[in-house]
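**Student:** Take a look at the letters that make up each chain.
There are 2 protein chains.
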Amino acid sequence: MQATADTKTHAIDEQTVLRKRMKKIKHKIAVISGKGGVGKTVTAVNLAIAFAMQGHENRVGLLDADIHGPCVPKMLGMEDEKLKVGPIGAFPARGPLGVKVVSMAFVLAGKEVPVIWRGPLKMRAIEQFLSEIAWGELDFLLIDLPPGTGDEPLSVLKLLPEMDGVVIVTIPSEVSQNVVGKAITFSRQLKVPVIGVVENMSGFVCPECGTETHIFKTGGGKKVAQEYSVPFLGSIPLDPRICEASDLGRPFIMEYPDSPASKAFMEIVEKIKTYIQEREKQSSNETGDK
Amino acid sequence: MQATADTKTHAIDEQTVLRKRMKKIKHKIAVISGKGGVGKTVTAVNLAIAFAMQGHENRVGLLDADIHGPCVPKMLGMEDEKLKVGPIGAFPARGPLGVKVVSMAFVLAGKEVPVIWRGPLKMRAIEQFLSEIAWGELDFLLIDLPPGTGDEPLSVLKLLPEMDGVVIVTIPSEVSQNVVGKAITFSRQLKVPVIGVVENMSGFVCPECGTETHIFKTGGGKKVAQEYSVPFLGSIPLDPRICEASDLGRPFIMEYPDSPASKAFMEIVEKIKTYIQEREKQSSNETGDK
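Chains A and B, in that order, are what the protein sequence lines are. Be aware that the first sequence starts at 111, since it is given in our numbering, and climbs by one per residue. Be aware that the second sequence starts at 111, since it is given in our numbering, and climbs by one per residue.
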C-alpha cells in the first residue's frame with residue numbers, strides 16, 4: 111500500500127514539474143504520421159533546423175520521443191551525446207545552430223537493443239524522463255512522436271500538455287492516404303489541432319536527364335488534406351542527398367540550402383508560423399484581450 | 111471472481127483451438143521490419159502471390175496482423191470483403207490465385223477509425239479473432255506483423271506458435287540498418303529463427319534514360335545481414351509500378367512478372383523454400399528420423 115501511495119505522489123509531482131517546464135516553451139508542435147517510414151523524423155529534424163535558421167538560433171528544441179526507433183541523434187551526428195545531469199534535472203545536448211536535442215536513444219543501452227518495455231511501466235518511465243529535462247526558455251519545441259496512431263503516440267501526446275498542434279507527414283500513395291485519415295481522426299479525438307499535412311517523397315528528378323518520375327505517385331497529400339479540410343503545408347521532393355546527409359549526421363537543409371527540398375522545408379516553417387500567429391490572434395480576440 | 115475465471119477458461123480454450131488450427135498449416139513465416147514504411151506489406155503480399163505462383167495455388171494464406179494500418183485488403187483489391195462466418199468459425203476471403211486472406215481491416219469499423227484499443231484487452235481480442243479463423247490445410251501462411259519491435263509485433267508473435275521463422279524487410283539506408291539490428295535481436299530474444307533480410311527500394315532506374323540512382327543508398331541490407339550472420343535474401347529495386355499496382359489493388363508480381371522486382375520476389379521465395387528444406391533435414395537428422 112505504501113509503495114502505491116508513493117508512486118502516485120511521484121507521478122503527480124512529475125506532472126507538476128513537467129507542466130511548469132513546458133510553460134517556458136512558447137510553442138509545441140508534434141510531428142506525427144499515420145504509419146512509419148514516410149520520413150517523419152527527417153521532416154522533424156529539418157523543420158527544427160529551419161526554425162533555427164529563421165531567427166530562432168539557440169531557441170529551438172527537438173524531442174525524439176520515438177521509443178522503438180529513435181533516429182534523431184544519428185541524423186544529427188549526435189550518437190555519442192549524453193544528457194548532462196545536474197541538480198535541477200537533465201540538460202539537452204546541443205546540436206547544429208544551438209538546437210537543444212533530447213532523444214530516447216540517450217537513455218537506451220545499446221543501439222541494437224529493442225525496447226521490450228511493456229504497458230504502464232513504460233509510460234511512467236517516459237513521464238519521469240520528460241519531467242527531468244531542463245529545456246530552459248524556447249520559442250519552439252518540435253516533438254518527433256512514435257509512428258502510427260496506436261498506444262505509443264497516444265500516450266506520449268497525452269503526457270505533453272497544451273500542444274499548438276500536429277504536423278502530419280505522409281507519402282503520396284493512395285494506400286498512405288487512408289492512414290493520414292486515421293492520423294487526422296486521432297488528433298481530433300485527442301483535441302489537438304491539425305496544423306497541416308506535409309507530403310514527403312513527392313516525385314524524383316533524375317540527376318542525369320532531369321526526367322521527373324513519381325515513384326510513389328503524386329498529389330495524395332493535397333488530396334487528403336482537402337478531403338478532411340485541413341491545411342496542406344507543402345511537398346518535399348525525393349532527393350538522394352537527403353538520405354546521404356541523414357546517414358552522415360548532417361542536416362540536409364544546412365548542407366543544401368538551395369535545393370528544392372530545402373526551400374520546401376523553409377516554406378513549410380513559414381506556413382506553420384502563420385498558422386500559430388492566426389491562432390494566437392483568434393484566441394486573444396476570444397478572450398477579449400485586445 | 112466468476113467473470114475472471116470465465117475469461118481465463120475462454121483464453122485457454124482459444125489457445126487450444128488456435129494451436130489445433132495452426133497445426134494444419136505446414137509452414138508459418140512472419141514478415142517483420144524494425145520500422146514502418148520500408149515496404150513490409152508490399153513484400154508480404156507479393157511473396158504470398160509468388161508462393162502461390164510456384165505451385166501452391168489455393169494453398170497459401172496471408173494474415174494481415176497490422177492492427178493500426180492494415181493495408182493488405184487495399185493492395186489486393188479486397189477492401190469490400192468480409193469474413194464469412196459459419197458454425198465452426200470464420201472463413202478467410204479468397205484473393206488472387208486462391209490466396210486465403212484475413213485482415214484486421216475486416217473487423218474494423220471504418221477505414222479512417224484509428225484503433226485506440228489499449229493494452230491487455232487488445233491482445234485478448236486479437237487472440238480470440240485468430241482462434242476463430244478456419245484456415246483449413248495450407249502449405250504456407252505469411253503473416254504481416256505490425257512494424258517495429260514494440261509491444262504489438264511482440265504480442266502478436268507470441269500468440270502464434272511454432273513459426274518457421276521471420277523475414278526482415280529493410281531499406282538500404284544506414285539509419286535503417288540500426289533498426290534491422292534491433293529486429294534481429296528481437297527475433298532472437300523470442301527464439302524465432304531469422305530466415306533472412308530483404309532489401310527493398312534498392313536503387314531506381316530512370317524510365318527515360320536508364321540511369322540508376324540509389325535514392326536510399328545501396329547495399330545496406332547485405333551489410334547488416336553479414337554483420338549479424340543471417341542470410342541475405344535479395345534486393346528489390348524501386349519501381350513506380352509497384353506503388354501504382356498496390357494502389358489499384360493488383361498484385362505487382364502478377365501484373366509485371368518479367369520486371370526485375372518480380373524476379374527478385376521469385377528468387378526470394380526460392381531461397382525461403384531452400385531454407386525451410388534445410389531446416390527440416392536438420393531437425394529430422396537430429397531426431398534420428400532418417
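Hints in this document: simulated from the structure, not taken from any laboratory. Some hints here could point you the wrong way.
Computed beta-carbon distance windows for the label pairs [what the hints assert, rightly or not]: (1) B:Asp368 / A:Glu322: 42 to 52 Å; (2) A:Thr397 / B:Thr321: 54 to 64 Å; (3) A:Gly187 / B:Gly246: 25 to 35 Å.
Short derived list, chain A residues pointing at chain B, Cβ under 8 Å [claimed, not checked]: (4) Gly144; (5) Lys184; (6) Thr259; (7) Cys316; (8) Thr323; (9) Ser356; (10) Met376; (11) Gln387.
No experiment lies behind these values; they were computed from the predicted model shown. C-beta atoms are modelled at their ideal positions from N, C-alpha and C, and glycine is treated no differently.
**Student:** For this structure, which hints from the list above don't hold up?
**Tutor:** Per hint list: 1, 3, 10 and 11 violated.
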